[in-house]
Amino acid sequence: MIGKFVSSIAALAISATGAFADDLSQKSWDEIVAQAKNEGELTWTVWYLTDDLRAAVKPFEEEYGIKVNIPDGTVDANRNKLLAEASRETGDFDVFALGFNDFDALDVEKLFVPLSALPEDGDRVTTLAGTDGKGHIVAYWGNQTGVSYDPAKISEADLPQSPAEFEAFWVANPGKFGFNYEKGGSGPSFYQNTIRTITGVDLADGSDSAERLAALEPGLEFFRKNGENYVVTASNADSITRVSDGELWMAPGWEDHVAGLQKRGEIRKDIKFYVPSMGMNGGGNGVAIPANAPHPAAALVFINWLTSADVQTGFNENFGTAPMHAKADDSNALVPNDQRAYTRPWGAEPFRSKLDEAFIENVIQER
Amino acid sequence: MTARNWLKIGLLLLPGIGLILFFIGAVIYMAFVQSFGLYNLAGESEFSLTFWTKIIARKAYFRSVGYSLYIGSVSAIVSVALAYPLALWLRKPFTGSLAVSAMLKAPLLVHGLVAAFLFINIIAYHGIINQAMQGLGLWDEPRRLQNDNYGFGVLLLQIWKNMPFALLLLTGAVQSISDDILNAGRDLGAGNFDRFRKIIAPLSVSAMQAALVIIFIGALADFSFQTIAGPTNRQSLAQYMTFFSSKGRWNEAAVVGVTLMVLSLTGAGILTVAARLLFGGRR
Amino acid sequence: MSTAILNRILLITLLAVCAIWLIVPFTMAVLWSLVDPSEPWTADRLLPPVMSFYRWTNMWENSSLQRALLNSYTLAPSAAIITLLLSLPTAYALGRLNFPGRAAMKMVALLPLVVPPFVTSIFFSSLLFQLGLTGSRFAAILLAHSVLFLPFAIRIMTVSFEQVRVDHINAARDLGAPTLARWRVAYLPALKPGILASLLIIFIQSIEEFAIAFIVGIPDFVTIPTLLYASMGQDFVRPNAAVLSLILVVPNVILMLFLERLLKSANPAMSSGKG
Numbered sequence: 442m443i444g445k446f447v448s449s450i451a452a453l454a455i456s457a458t459g460a461f462a463d464d465l466s467q468k469s470w471d472e473i474v475a476q477a478k479n480e481g482e483l484t485w486t487v488w489y490l491t492d493d494l495r496a497a498v499k500p501f502e503e504e505y506g507i508k509v510n511i512p513d514g515t516v517d518a519n520r521n522k523l524l525a526e527a528s529r530e531t532g533d534f535d536v537f538a539l540g541f542n543d544f545d546a547l548d549v550e551k552l553f554v555p556l557s558a559l560p561e562d563g564d565r566v567t568t569l570a571g572t573d574g575k576g577h578i579v580a581y582w583g584n585q586t587g588v589s590y591d592p593a594k595i596s597e598a599d600l601p602q603s604p605a606e607f608e609a610f611w612v613a614n615p616g617k618f619g620f621n622y623e624k625g626g627s628g629p630s631f632y633q634n635t636i637r638t639i640t641g642v643d644l645a646d647g648s649d650s651a652e653r654l655a656a657l658e659p660g661l662e663f664f665r666k667n668g669e670n671y672v673v674t675a676s677n678a679d680s681i682t683r684v685s686d687g688e689l690w691m692a693p694g695w696e697d698h699v700a701g702l703q704k705r706g707e708i709r710k711d712i713k714f715y716v717p718s719m720g721m722n723g724g725g726n727g728v729a730i731p732a733n734a735p736h737p738a739a740a741l742v743f744i745n746w747l748t749s750a751d752v753q754t755g756f757n758e759n760f761g762t763a764p765m766h767a768k769a770d771d772s773n774a775l776v777p778n779d780q781r782a783y784t785r786p787w788g789a790e791p792f793r794s795k796l797d798e799a800f801i802e803n804v805i806q807e808r
Numbered sequence: 044m045t046a047r048n049w050l051k052i053g054l055l056l057l058p059g060i061g062l063i064l065f066f067i068g069a070v071i072y073m074a075f076v077q078s079f080g081l082y083n084l085a086g087e088s089e090f091s092l093t094f095w096t097k098i099i100a101r102k103a104y105f106r107s108v109g110y111s112l113y114i115g116s117v118s119a120i121v122s123v124a125l126a127y128p129l130a131l132w133l134r135k136p137f138t139g140s141l142a143v144s145a146m147l148k149a150p151l152l153v154h155g156l157v158a159a160f161l162f163i164n165i166i167a168y169h170g171i172i173n174q175a176m177q178g179l180g181l182w183d184e185p186r187r188l189q190n191d192n193y194g195f196g197v198l199l200l201q202i203w204k205n206m207p208f209a210l211l212l213l214t215g216a217v218q219s220i221s222d223d224i225l226n227a228g229r230d231l232g233a234g235n236f237d238r239f240r241k242i243i244a245p246l247s248v249s250a251m252q253a254a255l256v257i258i259f260i261g262a263l264a265d266f267s268f269q270t271i272a273g274p275t276n277r278q279s280l281a282q283y284m285t286f287f288s289s290k291g292r293w294n295e296a297a298v299v300g301v302t303l304m305v306l307s308l309t310g311a312g313i314l315t316v317a318a319r320l321l322f323g324g325r326r
Numbered sequence: 203m204s205t206a207i208l209n210r211i212l213l214i215t216l217l218a219v220c221a222i223w224l225i226v227p228f229t230m231a232v233l234w235s236l237v238d239p240s241e242p243w244t245a246d247r248l249l250p251p252v253m254s255f256y257r258w259t260n261m262w263e264n265s266s267l268q269r270a271l272l273n274s275y276t277l278a279p280s281a282a283i284i285t286l287l288l289s290l291p292t293a294y295a296l297g298r299l300n301f302p303g304r305a306a307m308k309m310v311a312l313l314p315l316v317v318p319p320f321v322t323s324i325f326f327s328s329l330l331f332q333l334g335l336t337g338s339r340f341a342a343i344l345l346a347h348s349v350l351f352l353p354f355a356i357r358i359m360t361v362s363f364e365q366v367r368v369d370h371i372n373a374a375r376d377l378g379a380p381t382l383a384r385w386r387v388a389y390l391p392a393l394k395p396g397i398l399a400s401l402l403i404i405f406i407q408s409i410e411e412f413a414i415a416f417i418v419g420i421p422d423f424v425t426i427p428t429l430l431y432a433s434m435g436q437d438f439v440r441p442n443a444a445v446l447s448l449i450l451v452v453p454n455v456i457l458m459l460f461l462e463r464l465l466k467s468a469n470p471a472m473s474s475g476k477g
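Residue numbers (the working numbering), protein chains in the order written: chain V, 442 to 808; chain D, 44 to 326; chain Z, 203 to 477.
By construction, these hints were calculated from the structure, which means they are not laboratory data. Worth double-checking, as some hints may not be accurate.
[As the list claims (entries may be wrong)] Taking lysine-lysine and the BS3-like style, the derived pairs with C-alpha atoms no more than 30 Å apart in a straight line are: (1) Lys51/D to Lys575/V; (2) Lys666/V to Lys594/V; (3) Lys97/D to Lys795/V; (4) Lys594/V to Lys551/V.
[Unchecked claim] Sample of chain V residues lacking proximity to chain D, with all beta carbon distances greater than 12 Å (derived): (5) Arg529; (6) Ser718; (7) Arg781.
Virtual Cβ for every residue (Gly too), placed ideally from N, Cα, C.
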């Protein structure tokens, strides 16, 4: 009896229903819009700023008459649900958002449908931060990691820009700089780029040979040596809360996260943000349509709207994001335009994962 | 044991154990098998021992095992150790015992995440505890109490949350010990500690075992307390497992998961036997 | 020193400890929940600079809080009752009957506790989907919770069954009582504390369970843990988290007082007449 059910679980090897893709890619865009209006609603899973995004999608609801449900959730739970219901004929999610690089951990071709039915638009972003969307994912939200700082405690001229300057800051001001290693990408962006600058390792190369891992040693040694002088925080949110509280003077963070919190009055508005010249990772989030989406046409129409130039400009204004459409306007961001040149793509897998592991084993656990 | 007796036992066990074996058996089988490379959620499935061999070779793995075992056993033992005297004190009603009992059990009804959040709030760098200590002149400047390296934050939260649970179980057990026995013991010259060891403990050992085991298993697999208030230089097993799963390394996550399960069962067994040996007395 | 005075001293010490244990954290939470968005509460101020009920009204009106409260507080009691009923036959067998393999069965009963939540969340939910049991989301989550929390009920009720006094059972039988009356007189008093403890524990576990309720329930069936994790995770917004924590405390406090009343009347020693 258990065997029977276990083998039915083997159908966790997801069956991609090719039917969907053919179905919609045969239709004209107008037919798809008509079908979408018929479907009447869609569910968009996103794990952050749900309240603000609900307000942000109202124009879509008004224009098309399609209701957008944005349930609360966490990024892990959303992903787990996607995986758990992959073998169902009809799931619950129509549009699935995830960090662009996190899509690498999923079998994109099996879980999602190709977005070939979207109207041609060469200005969309389908490859971001080293991850190729493979025609199934498109970016809708650009973000940049950097370092948030308290201008009352440190002036702009004194901001550290390179690992040596960070070290000097730590020695002069022990316990005033904190970063996280999990529950958020800002800390990892910081230490990955510091190690890259020190060792010269090319993060764009994803191969994880033993020599390459051994080459990381000087970078790891740098962090071990200074272990007493910096603080390890629990998450993105923890870092920025402690800067706002006055405990820390500087901490890595996400541009959109910091801007959002400031806008909602959660943290002090005088906190500033910069990108050090050694570079920090920029990336974004993407959306895809699960293979068993209950409202596929509505999902397509929504994605088309979400990635349009107007909406991307609006996101830049309201949330401080980097727009994901070449024709959008990006003048309202937190990061000054000259510092945007310091952005770097996230490292390739599986090397990046191994770097994280090495950091945890050889630095974090040695404290 | 006649066939009829077996049938009766089987039917009695069916709604409980039967359901468990059916559903959870399948789940455990899946996790177990996934740790050997099969039933992959992404990528190819083939049998392989490498996931086990590679993980066991890692320092981080054994550190997580050691740390989680430490948190699990200390939480369980201290919770029960604190609950016993309280249960005995509250055995007979007295003025205010109802209020005390309610207050002691209050943490049961506070959601774990909420407790962690409240805790972080009060031990924050500029939080109330730091401000009080400075105000009283005990400290010159704020101290960083968050994420301490010995896991005291996590232990405190675990005990805060679990001691009422142990209290709940032990209260019923010690209240069922009738006074005749205790009086007889005292008349025969047994002191307080002897009465505990030789009368009360053996008669409530079943409840003690249940409390120890359940608290141990819960604290061993803790994730949320650890990630909010735990030391940042150690990872609990659940944290370690989530690290792998978030990178899509399902097989390695399964290895850590199976480790957790094996440790839970083994630890539960050890605690059960130890409780019986130390306190069981002659039955 | 007499028992009464000792009791008095212990009582006062305990009240003092409880003040720190309970009152201080909750006062802080109350203050945080009153922080108005126009100005954040920074460390140098003793009280929030601008206080208002904005967060409360906002949370109550704009989020799925009301639905989540209704869902969670319907799901949890149902799960508690069903799990208890399912556990009774097994607990009876493990507590009062002697058969080879009994200790092993006790261990098997612990299995749902032993499986890590991450594993159950994906695999168990997938099982439920495969078996087509998700027609009603509520029923599916109810089933999942019942299976997951059976260990608590089985363990607690086994202890209770072990405490039933044989002399009571025999006396009742000797006096010619029919089976039902025998149960009511001999078994029930010893079982009552276990029944209440089980109901309480399972209720709490069900109200806190996040993973499966999320995977099976979203987007239609929202539970409280979903809101909690969402507001205390990535987007950790302290004032919102404070409001949620406090809103959850009220029903729980009422429940606790109610339960203390019941537990008081369930003292098994009182049933034996002596005690």
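Hint-by-hint comparison with the structure:
| no. | hint | verdict |
| --- | --- | --- |
| 1 | Lys51/D to Lys575/V | violated (60 Å) |
| 2 | Lys666/V to Lys594/V | holds (25 Å) |
| 3 | Lys97/D to Lys795/V | holds (13 Å) |
| 4 | Lys594/V to Lys551/V | violated (51 Å) |
| 5 | Arg529 | holds (15 Å) |
| 6 | Ser718 | holds (28 Å) |
| 7 | Arg781 | holds (28 Å) |
Of the numbered hints given earlier, the model fails hints 1, 4; all others are met.
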